[in-house]
Amino acid sequence: MATAVGLPTQEKAHVTVVGQKQHWYTSLPLHIVVILISVIWLLPTVALLFTSVRNVQDINTSLWWNLLWQPHQFTLQNYQQVFGATSTIGMGQAFLNSLIITIPATLFPIIIAAGAAYAFAWLKFPLRNTIFLTLVALQIVPLQMLLIPVLRLFTDWGLTGTFPALWIAHTAFGLPLAVYIMRNFMSGIPYDLLESARVDGAGEIRIFSRIILPLSTPAIAAIAIFQFMWVWNDLLVALVFSGPNSYPMPVVIRSLVGEYGSGWQYMTSAAFISMALPLAVFFGLQRYFVSGLTAGSVKG
Amino acid sequence: MATQPVVTPPDQSAVSAVPGTIPVGPARRGLRVGNYLTVLLFAGPALVLIAFLVIYPTIKTIYLSFYQTQGIGFNAPQAFVGLANYSNFLNDPIIQTAIKNNILWIVVVTPATVILGVVLAVLFDRVPYEAVAKSIVFVPMAISATAAGVIWRLMYADDPHIGTVNAIFGWIHLGPFSFLGDPNFVNWALFGAQVWMSLGFAVVVLSAALKSIPTELMEAAHLDGAGEWQTFIRITVPLMWPTITVIATLTMIAVIKVFDIVVVMTGGGPAGASEVLATRMYTEAFKNVNTGYGAAIAVVLLIAVIPVMALNIRRFRTETVR
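Those protein sequences? They're chains A and B, same order as listed.
According to our numbering, the stretch in the first sequence is residues 1 to 300, in order.
According to our numbering, the stretch in the second sequence is residues 1 to 322, in order.
Errors might be hidden in some of the hints.
[What the hints assert, rightly or not] Taking beta-carbon pairs under 7 Å as the criterion, some of the chain B residues facing chain A (in silico): (1) Pro45; (2) Ile143; (3) Ile151; (4) Met155; (5) Thr164; (6) Ala167; (7) Ile168; (8) Val289; (9) Thr291.
Derived from the structure by calculation, the hints contain no laboratory data.
These numbers were taken from a predicted model, which means no experiment stands behind them.
Each residue gets a CB set at the ideal place from its N, CA and C atoms; glycine is no exception.
Can you make the complete structure from the sequences, with help from the hints?
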């Protein structure tokens with residue numbers, strides 16, 4: 001991001017003659033377009049945030065940006081109504097459920113995939129490459145292909161509607177991609193490193209935990225962020241496998257939309273609560289965030 | 001322990017291990033044959049989970065698509081119906097609308113995302129606040145499609161006191177339009193929301209490709225008298241082409257499977273005008289408990305995704321060669 005390879009135009013050739021000031025005038029339309037696009041892209045999120053902190057009368061009688069010159073409209077009562085302890089909407093419980101679902105559903109696939117990735121990258125066993133290629137191919141299978149039989153299995157085992165159902169489903173569905181990314185990363189680790197450890201008498205488990213895992217941190221971070229975002233934001237898997245005791249936020253928001261088609265005060269504040277954590281992750285870990293989403297872009 | 005300096009493996013080692021290009025080198029020299037217990041310890045859990053919850057369900061869904069099944073239980077009564085679930089598509093106007101809509105999604109959203117992505121990557125490259133602009137366009141990637149659905153319901157709201165889009169149209173004395181309530185508008189309104197969500201990803205990836213083009217090429221073109229537009233068409237676009245293909249295929253796969261945003265914004269309405277295959281699959285399989293039919297729709301989704309993915313894998317290979 002830092003290296004500006006760009007500016008491929010005559011501007012560069014003319015710099016020595018005209019100097020920097022020329023740019024400012026000639027590139028004014030460019031700045032207008034870029035700033036306009038940025039504003040358009042920011043506007044919807046800001047509209048949601050502003051709407052969520054106005055009371056229902058204000059929302060229904062004047063557009064959200066009136067808050068800018070009427071700051072006295074600011075109120076947190078919508079958040080109390082959807083998030084508070086006495087709320088009938090129960091976003092507080094849904095937020096907890098989302099956490100209870102997402103944390104294990106992010107950790108399990110990382111731990112399980114790391115082991116498998118090590119085996120595929122550095123251990124020798126029959127059909128190793130065939131199995132790995134099958135794994136690669138499985139990434140294209142749409143979730144829709146898995147839902148019906150897995151629901152039948154879970155119903156048979158009495159798991160449907162429970163947290164373990166969601167942990168197991170998200171872990172299994174996330175594995176092919178996680179194994180693939182980590183295996184590719186781990187096979188880039190220099191062989192000499194492993195060999196000398198083996199010569200020194202280290203066992204496979206020791207090599208894995210002391211050398212491979214620490215060196216794989218970038219891949220693990222990318223997968224962790226991708227999987228976290230995927231599970232946190234997931235609606236489809238949750239609709240099929242969660243129940244009244246385990247509904248995560250997207251399911252609750254969706255039913256809010258169904259029940260209160262124009263209850264903007266509820267929908268906007270609930271939606272913003274669900275966005276808060278991913279946005280914090282985004283701004284906190286932007287570099288890993290981008291690489292994580294890039295790595296996982298094929299999933300679904 | 002190892003005394004060598006710790007070398008971090010290259011981030012992009014990924015490309016070397018794509019189908020067909022599996023490097024067999026290092027692991028050949030790996031573990032002694034026969035120590036299968038170690039292999040089982042490391043790979044076993046993943047393989048068991050994948051076998052039970054990915055491979056078995058995929059085969060089972062294909063199998064179920066040839067059956068008529070009532071109920072979701074494991075022992076639900078079922079009867080073999082051959083290809084009837086598939087031929088029933090011909091008698092089902094809603095599924096036909098859904099297929100047409102999915103095609104429209106592909107034909108509209110893919111070029112829109114790619115073209116806007118390339119244009120923004122090039123424009124952003126020329127401003128000093130590029131990082132900020134990219135972050136802003138990327139923010140919707142952090143937002144769930146469910147929340148984005150709420151955001152765009154709000155933007156498109158019929159009442160110009162609530163809906164920003166209608167408020168802006170009001171300034172030029174147009175509307176108000178019922179974007180989500182009018183069968184003629186609804187899909188286009190959804191496309192807008194989808195492009196808003198996914199453009200940031202395209203811009204970030206395309207922008208990285210743009211920056212990998214050597215400056216000398218551009219300068220040489222300019223010295224030879226090529227204008228801005230000519231340089232863009234003759235040099236920038238061809239050199240970015242592999243990345244453009246990736247973005248195009250990824251967008252296509254995403255819109256073939258589009259679900260969340262449609263469910264939240266329209267629920268497939270009005271009167272089924274915005275239904276897509278994924279929403280039909282969910283409704284048939286889990287609402288109408290029409291398991292066989294739902295399975296058949298899922299199989300159609302799989303078949304639709306395969307050729308697009310094949311394109312993508314071929315791209316990966318050429319990438320490896322370069």
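Practice task
Verify the interface restraint on B/Val289: the C-beta must sit less than 7 Å from at least one C-beta of chain A.
Solution key: violated (10 Å)
Problem - Status of the B/Met155 interface restraint (C-beta, 7 Å, chain A) - result: holds (5 Å)
Exercise for the section: Go through the hint on B/Ala167 and say holds or violated, using the shortest Cβ distance to chain A against 7 Å. Expected result: holds (5 Å)
Exercise for the section: Classify the hint on B/Thr164 as holds or violated, based on whether any CB of chain A lies nearer than 7 Å to its CB. Expected result: holds (5 Å)
Practice task
Double-check B/Ile151 for me: the hint is only fine if its C-beta lies closer than 7 Å to a C-beta in chain A.
Solution key: Hint holds; B/Ile151 Cβ to chain A Cβ min 5 Å, cut 7 Å.
Practice task
Return the status of the interface hint for B/Thr291: holds when the least beta-carbon distance to chain A is below 7 Å, violated otherwise.
Solution key: holds (6 Å)
Practice task
Please verify that hint: B/Pro45, Cβ, nearest Cβ of chain A, below 7 Å or not.
Solution key: Status holds, d = 5 Å.
Handout entry: chain A contact restraint on B/Ile168 - CB to CB distance below 7 Å
Key = violated (10 Å)
Handout entry: Supplied contact hint for B/Ile143, tested at 7 Å Cβ to chain A
Key = holds (5 Å)
Hint violations for this structure: numbers 7 and 8, all remaining hints satisfied.
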